[in-house]
Amino acid sequence: MSETLSPELQSWVGRTRVVEEDVGLAAVRRIAGMLDLDPGAFRLGDALPPHWFTLFFADVARQSDIGTDGHPKPGVFLPPIPLPRRMGAGRRVTIHDCLRVGDLASKTAEVAAILPKQARTGFITVLTMRHTIRRGDQVVAVDEFDAIYREAVKPGEKSGTGAPVPAPADAAWRVETHLSAPLVFRYSAVTWNAHRIHYDADYSRQEEGYPNTVQNGGLTMQLLLDAAVAHTPGRLRGFTARLTRPIYVGDTVTLCGTAPRDGKVATWVQDRDGWLCAQLDCEFA
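Residue 285 is where the sequence shown ends in full-length UniProt numbering, and the numbering goes up by one at each step.
Quick caveat, the hints were computed from the structure, so don't treat them as lab data. Note that the Cβ used here is the ideal one computed from N, Cα and C, for glycine as well. Where hints are given, some of them may not hold.
Straight-line C-alpha distance at most 30 Å; calculated DSBU-like pairs for lysine-lysine [as the list claims (entries may be wrong)]: (1) Lys158 x Lys73; (2) Lys117 x Lys73; (3) Lys117 x Lys154; (4) Lys158 x Lys117; (5) Lys158 x Lys264.
Cβ pair distances, simulated, as ranges [claimed, not checked]: (6) Glu157 x Gly102: 46 to 56 Å; (7) Gly75 x Pro168: 34 to 44 Å; (8) Arg235 x Lys158: 38 to 48 Å.
Sequences and hints are given; from them, build the entire structure.
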């Protein structure tokens, strides 16, 4: 495959669309229950944790527009990148304010970049989406999200992963978390994510070469951010995230973080073998 962007894909760069959202009380209470919080503690007008904007503004595709992998078909919402496997890889977020229960808000989704390239595990294309969250004319957050598109796994082969890297050893706090199938299912339901690798073990093994159903990377980041906010004084103002190693549904992981230094906190996820799976660098004010 070519590392030069085709004219069709080049025409997608800079395209925008708007997703409207009613941050309703019922939806907020479902999210709270999924995260093991008291749903009844939330009322209209309450401020939500700053990073919870990521739980709203789902792309709602018609059922006829869903592909065999559970994602909307290429070209429905995202560019028609001619590679079959898509996984979240990282994000860069700046938070200016928080959403409140009852808000009418919007997300402007922009195709910021499409980068095809040869990687160690095969040919890939990196898609960068820029999401700007607004309440009226006020910008609440700007979220740049990277997704990696990969080649199909050859029959009988496993999905390639990079060499494992040991997690840092200087954690100031640790939280052990079990990634149960019901938790992953409820998160996927809340975020309207039907990607089959998260719930269909046969598909995950046979079509994408994983040993089991795969943990949702958005949930990994959500749980780590929740832990960071709980262990750090001040207000979360932004973060960068990178997913480095697959985690599987049913695994038990440890969420870790350092003590704050000049408002900055390093956090990470390690698996039961001590390998680094995800990193988030947070900024508090």
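Checked hints:
1. Lys158 x Lys73: 24 Å, holds
2. Lys117 x Lys73: Distance of about 22 Å is within 30 Å: holds.
3. Lys117 x Lys154: 19 Å, holds
4. Lys158 x Lys117: Since the Cα atoms of Lys158 and Lys117 sit roughly 21 Å apart, the hinted pair holds (cutoff 30 Å).
5. Lys158 x Lys264: Outside the cut-off at roughly 38 Å; violated.
6. Glu157 x Gly102: 46 to 56 Å: 50 Å, holds
7. Gly75 x Pro168: 34 to 44 Å: Check passed, 41 Å falls within 34 to 44 Å.
8. Arg235 x Lys158: 38 to 48 Å: About 43 Å separates the Cβ atoms of Arg235 and Lys158, which means 38 to 48 Å holds.
Checked against the numbered hints above, the structure breaks only hint 5 and satisfies the rest.
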